[in-house]
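S.K.: Taken in order, these protein sequences are the chains called A and S.
Taking this note's numbering, the leading residue of the first sequence gets 1, the next gets one more, and so forth.
Taking this note's numbering, the leading residue of the second sequence gets 231, the next gets one more, and so forth.
Keep in mind the hints are simulated off the structure, nothing from the lab.
This list has only true hints and no planted wrong ones.
The list that follows gives simulated cross-link-like pairs (lysine-lysine, DSS-like), each with its CA atoms no further than 27 Å apart:
id	chain 1	residue 1	chain 2	residue 2
1	A	111	S	539
2	S	249	A	116
3	A	98	A	111
4	S	543	A	111
5	A	75	S	543
6	S	559	A	75
7	S	559	A	111
8	A	71	S	543
9	A	132	S	249
10	S	499	S	317
11	S	539	A	75
12	S	347	S	384
13	S	559	S	251
14	S	539	A	76
15	A	29	A	83
16	S	367	S	401
17	S	559	A	116
18	S	543	A	76
19	S	249	A	111
20	A	161	A	116
21	S	396	S	411
22	A	214	A	15
23	A	98	S	539
24	S	559	A	98
25	S	396	S	364
26	S	306	S	479
27	A	161	S	543
28	S	249	S	539
29	A	83	S	543
30	S	284	S	424
31	S	559	A	76
32	A	98	S	251
33	S	326	S	479
34	S	559	A	71
35	S	249	A	98
36	A	83	S	559
37	A	98	S	543
38	S	499	S	325
Computed from a predicted model, the values in this text were never measured in an experiment.
Next come the chains, spelled out residue by residue.
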Amino acid sequence: MISIRNLHKSYPMGKDSLHVLKGLNLEIKEGEFVSIMGSSGSGKSTLLNIVGLLDEHDSGEYYLNNQLIEKLDEKKAAILRNKFLGFVFQSFNLINYKNALENVALPLYYKGIGRKERNAIALEYLEKVGLKDRANHLPNELSGGEKQRVAVARALVTNPKVILADEPTGALDSVNSQAVMELLKEINRSGMTVFVITHEEDIAAETDRIVRLKDGVIISDEKTIKKAIV
Amino acid sequence: MKFLFDSDTWQEIYSSIRKNKIRTAITIIGVMWGIFLLVVLLGAAKGVENNFNKIFGDFATNSVFVWAQQTSKPFKGFQEGKSLTLKMSDLESIKKEIKGLEFVVPRHQTQALTVNKFKTGMFGVFGDYPEFDKVQKRNLVYGRFINDNDIKEKKKICVIEDEIYKQLFDKDENPIGQYIKINDINYNVVGMYKEGQVGSGGPQGNIHIPFTTFQQVYNRGDSVGWMMITGQPGFDITQIEADVKLLLKTLHKVHPEDERAFGSFNLGKEIAKVTGFLTGMQFLTWFVGISTLIAGVFAIGNILLITVKERTKEIGIRRALGAKPWEIKRHIILESVFLTSIAGALGIIFGGLVLMLIDATMGQGDEAALTNPTVDIPVIIIAAITLVVLGSLIGLIPAHTAVSIRPIEALREE
Numbered sequence: 001m002i003s004i005r006n007l008h009k010s011y012p013m014g015k016d017s018l019h020v021l022k023g024l025n026l027e028i029k030e031g032e033f034v035s036i037m038g039s040s041g042s043g044k045s046t047l048l049n050i051v052g053l054l055d056e057h058d059s060g061e062y063y064l065n066n067q068l069i070e071k072l073d074e075k076k077a078a079i080l081r082n083k084f085l086g087f088v089f090q091s092f093n094l095i096n097y098k099n100a101l102e103n104v105a106l107p108l109y110y111k112g113i114g115r116k117e118r119n120a121i122a123l124e125y126l127e128k129v130g131l132k133d134r135a136n137h138l139p140n141e142l143s144g145g146e147k148q149r150v151a152v153a154r155a156l157v158t159n160p161k162v163i164l165a166d167e168p169t170g171a172l173d174s175v176n177s178q179a180v181m182e183l184l185k186e187i188n189r190s191g192m193t194v195f196v197i198t199h200e201e202d203i204a205a206e207t208d209r210i211v212r213l214k215d216g217v218i219i220s221d222e223k224t225i226k227k228a229i230v
Numbered sequence: 231m232k233f234l235f236d237s238d239t240w241q242e243i244y245s246s247i248r249k250n251k252i253r254t255a256i257t258i259i260g261v262m263w264g265i266f267l268l269v270v271l272l273g274a275a276k277g278v279e280n281n282f283n284k285i286f287g288d289f290a291t292n293s294v295f296v297w298a299q300q301t302s303k304p305f306k307g308f309q310e311g312k313s314l315t316l317k318m319s320d321l322e323s324i325k326k327e328i329k330g331l332e333f334v335v336p337r338h339q340t341q342a343l344t345v346n347k348f349k350t351g352m353f354g355v356f357g358d359y360p361e362f363d364k365v366q367k368r369n370l371v372y373g374r375f376i377n378d379n380d381i382k383e384k385k386k387i388c389v390i391e392d393e394i395y396k397q398l399f400d401k402d403e404n405p406i407g408q409y410i411k412i413n414d415i416n417y418n419v420v421g422m423y424k425e426g427q428v429g430s431g432g433p434q435g436n437i438h439i440p441f442t443t444f445q446q447v448y449n450r451g452d453s454v455g456w457m458m459i460t461g462q463p464g465f466d467i468t469q470i471e472a473d474v475k476l477l478l479k480t481l482h483k484v485h486p487e488d489e490r491a492f493g494s495f496n497l498g499k500e501i502a503k504v505t506g507f508l509t510g511m512q513f514l515t516w517f518v519g520i521s522t523l524i525a526g527v528f529a530i531g532n533i534l535l536i537t538v539k540e541r542t543k544e545i546g547i548r549r550a551l552g553a554k555p556w557e558i559k560r561h562i563i564l565e566s567v568f569l570t571s572i573a574g575a576l577g578i579i580f581g582g583l584v585l586m587l588i589d590a591t592m593g594q595g596d597e598a599a600l601t602n603p604t605v606d607i608p609v610i611i612i613a614a615i616t617l618v619v620l621g622s623l624i625g626l627i628p629a630h631t632a633v634s635i636r637p638i639e640a641l642r643e644e
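Construct the entire structure; sequences and hints are all you get.
M.R.: Written as structure tokens, this is what we have:
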């Protein structure tokens, strides 16, 4: 599903440049539940942005769904994002003047699906995350956990291949964190590839595979033991 | 273009406009003010122009009056100071020799005591041809103007101004068919007209009698008091004026450089001064109106630019969710066009209402400062189209800004 070979990325910092990713190699198969761990500055967010087609890599190869990603213009990137990727952000990133249903339906709008069908699908996904009764609430009328569940529903609504979650529990208490992780696990069980970025050990432990990043290189890549027990 | 008719597009625009009501209101007022000023100024300018037209409308604007005076230079054995008189034969020569003439109308003029029963008054008496009515339109209230038959038979008939009717007749009396005495000669009243704003015979009022009758009654032989000459459209009346005077000098054996022998008054030239002022005023109106309009449109662009900056994060989210750059651009341009159009429509409506108000308060009666202040529909359409075009052009700037920010940077924005 995701295949990365010798990926490099640096950011210009004034006259110098900051080398963030130093030759990453990563292979994620369809249906995997992977977490990327690392302290801040390890390059995990950069990796997610590149995987999420929000940023471009400098050198190396990146295959998404067996498609080589290079020299994408914004239009193509937008189409690929809409088709293959679903995002869940730490700060939820809901549009605050749209209600839960409209937020969930927004990716479908950009996919070109008509209003009625769009709202029906969105409602279906809101039901999946247990928020059907909150469909007409604005984001500021929802709790943090509810907001993140709406964001998850929005990420799922286009039925993407990969869910990219950037610190999905970073702004939540432990109860809500657990609920969101359960949701992600359930999504993974339905066959979707889930890619989580976190710096919390217990969150990473819920996933099937942990990739540890440090200073732009992978220092370890192992299956979690819990999986073996279950 | 399908997206224009998509309710979703408008839903998106509606929700983003509704999101910030004050910004929307201020933006709309900016452009509304521009087009409002344009409409009101153009309407007022038109009103002033109409007013001038009302005042001068009775005159053929390309006309010149010519009369004979005394020579100021000796020539061909004649001393200076020779009195000159225009003759009917001069008219024939002018008609034959000068190109581009429309009418050459001879006139005579005197003052006479006029009596109707016990009422009397001193009025201007003019000897006229039927053509006079074409050069200086008489607005006849009753009856008719002098006709060819009157000229041929030297009839004792007259056409009077409403002022004379007021002074010599009782109220609600029909003047037609009545006789009035001018210098003890009875004339049958055949017509009455209402004088326009500019009278040519002073405030006393004018009486018109057939030219030939005038010649006979006042012993003028075949002389002509003065003449009115009008040029055909496209001919320069100033040139005609010079040609006529030169021809008259030749006919009357006057020194070609004698400036005082023949007097003239070029109405075209005088009116051109006024219309020149009007043209200048209209130019100013357009200039001010369009400048204000452009300022308003820039205000829209500016405010949209600010909102785009405010909405950077939202735009980032939308793009992460799969919005194509063009869709973002389209959204912002449509917002701009929508705002300018609404503002333009409101401005036109308010401008129209104010013009109606001006018309109702200042545009009524003979003393009105403005007459029928209006703006032509094509002008409005052009202004509206200009607004939409400017709106979409100015929308391009924030739209471009919105798209040029990369989604990753937009999302990082807090």
